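Chain by chain, the residues run as shown.
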Amino acid sequence: MDYFDRFAVPHPSPAIYASMVAIGLTMIAVVAGITYFKKWGYLWREWLTTVDHKRIGIMYILAALLMLFRGGVDALMMRAQTAIPDNGLLDGQHYNEVFTTHGVVMILFMAMPFIIGLMNIVTPLQIGARDVAFPRLNAVSFWLFFMGAMLFNISFVVGGSPDAGWTSYFPLASNDFSESVGSNYYAIAIQIAGIGTLLTGINFIVTILKMRAPGMNLMKMPMFTWSILITNFIIVFAFPVLTVALALMTMDRLFGTQFFTMANGGSDMLWANLFWVWGHPEVYIVILPAFGIYSEIISTFARRNLYGYNSMVISMVAISTLSFIVWAHHFYTMGHGAMVNGIFSITTMAIAVPTGVKIFNWLFTLWKGKIVFTVPMLYSLAFIPIFTLGGVTGVMLAMASADYQYHNTMFLVAHFHYVLIPGTVFAVLAGFTYWWPKMFGFMLSEKIGKWSFWFITIGFNVTFFPMFITGLDGQARRMYTYSESTGYGPLNMLSFVGAIGLAIGFALIVYNIYWSTRYASRNISNDPWDARSLEWATHTPIPEYNFAIVPTVDSTEAFWDAKKKALNYLAVK
Amino acid sequence: MKELFPRGQVMGFAFSLVLTLVALSVIMFDLSLKMAMIILLVTAFMQAALQLVMFMHAGESEDKASIYTNVYYGLFVALVTIFGTMLTMIWGYQ
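Sequence order for the protein chains is A and B.
The first sequence begins at 1 in our numbering and counts up one residue at a time.
The second sequence begins at 574 in our numbering and counts up one residue at a time.
Next comes chain A alone, as it looks inside the complex (with noise of 0.2 Å):
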């Protein structure tokens, strides 16, 4: 191919067409909006150059919001196209670059800063610091993190998306078989934005272990903050490897190395090894402060304390050691030895137990507590038993002989989708309509937020859980169509029914907060949820540097203990 080929949409229809003009359209209407309303200067001062920990948060949130509306339209095209048997919607090229996108995004630029923001928000507040460790260099992570996203974004309309899958095998992903410009997007875009990841775990390792009030020792941080910990942990120890997976990636595509050819060699299968040296913590990285934000909210909302807070923290840190020793449970059908699946079949049936340990302490802590069903709580009630449930199916790939059937079908869509989807949308969605007060001064609106919930939960389970059926009659995933004699076909009518209604719940999210914008009292105190640690102590709005004095502290819920026993916890020892 000639240079300049490479960069052509390969499989132009008038969809992409559409989109790259919509794209100009509304980069218009962005400028000529800021330029009419004279918000250049508030932009540039307020927000594009700030190193403020709560701004660099929410405009975390901003843009994973985006990306989830990427994402979710891409989701929607793939259950549309699979609704009906022999569907003309999306051809094979489509039906590739779609899932390949909706992968990386959900995963890496919707999950990941989703949970960036909010940790960005709240850590420092839990631990009563003043701003991050370095907060220039958080800004850097953003700016990456955000440029990253962006050159992967703009791939559909200039040189065509990456399609070989969001963890682009070789040899699929070498320039034998994918000759467009694709998959060098995928390298250098998520290598811009892995590295601001890196740098954000560098930089909170350091707030938490540094910058804590006095008193709070490790073992007195509220759980979120020990989560965030450890995933800042896992961060820093597996994205080095990621990064030097993709340097490979992108010699071999760009400069003619032969990492991971099937000659010369190099090898094609190295490349999946080092993907999942770093693929499986990732999914930690984006569930572990999932269950943060769950401790923090079933215990907000059953006015009790955390039950077991040590079993919590020694499972949290069995989990993290446990994430790097299972990660060839993803390819046990590649041809090594029934000795290699054996053991990361026991490794990763081994991961059950300190995730089981979580399971019941959450249930311990609802036992006996006055439950209040607010929106974040109803997130935090629904996840146990749906992620139970891909919990569940988890062990049941996790057994190597068994993963010969399962392998590569709808069953393990459906799995991580059951592991990903409680485990971290809700989740996020929970936490964010948790902080929302903390971070705008206002309350989302409980009724809206309620009807978005029902939406979610229920058309997520009509979506996924068909998955296991067809997946178990051995429907493939990645196929962009079937026959009708299949039989496939009514069970994927009903997932794009499900799908529809994901789609109704996220819309009402997003007019939820249209809506509490507009009308929503502002007249809120500083703790509108009786909440119990450190964040919700300060004032609302934050001030920029959060404790006018800094609070000492002397239980894993400060706040609460303060409320309660009228202590003050701004006195200083």
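It is worth saying that the hints were derived from the structure and are not from the lab.
Note that this is a predicted model, so its numbers are computed, not measured.
Where hints are given, some of them may not hold.
Said to hold, decoys possible - With a cut-off of at most 25 Å between alpha-carbon atoms, the simulated DSS-like pairs for lysine-lysine come out as follows:
(1) A:Lys-565 to A:Lys-368
(2) A:Lys-220 to A:Lys-565
(3) B:Lys-637 to A:Lys-210
(4) A:Lys-368 to A:Lys-564
(5) B:Lys-637 to A:Lys-220
(6) A:Lys-368 to A:Lys-358
For this one, chain A is given, so just place chain B on it according to the hints.
Below, chain B without anything else, positioned relative to chain A:
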């Protein structure tokens, strides 16, 4: 004068030079691949530990517990990644 002389540091510096020379022996002499890799691995780890403790002052501050926890965790992940990859890609591959 005696207490002003950084005895530990000078000895550490000399020792790090010795370790470098031992590692260089791998290309000086005709060693088997196995022997060469063992020499490199052992000297590399000793060198890293020496630099960390002697010249990056890892054990000298009050947060040395968290620094060493980080180092051990990093060591664990590095060893698991390397030997696990060897296991899946070479030793355990049929």
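These are the hints, each one checked on the structure:
In summary, the hint linking Lys-565 of chain A to Lys-368 of chain A is supported, as the alpha carbons are separated by about 22 Å, within the 25 Å threshold. Distance check on the hinted pair: Lys-220 of chain A and Lys-565 of chain A sit about 18 Å apart at the alpha-carbon level, within 25 Å; holds. Only pairs whose Cα atoms come within 25 Å are accepted, and Lys-637 of chain B paired with Lys-210 of chain A is accepted, the gap being roughly 12 Å. Between Lys-368 of chain A and Lys-564 of chain A, the direct Cα distance comes to roughly 19 Å. Compliance with the 25 Å bound is thereby established for this hinted pair.
The straight-line distance between the Cα atoms of Lys-637 of chain B and Lys-220 of chain A is roughly 20 Å, inside the 25 Å bound, and the hint therefore holds. Note on Lys-368 of chain A and Lys-358 of chain A: the hinted pairing holds, with a Cα-Cα distance of about 18 Å set against a maximum of 25 Å.
Going through the hint list in order, the structure satisfies each hint without exception.
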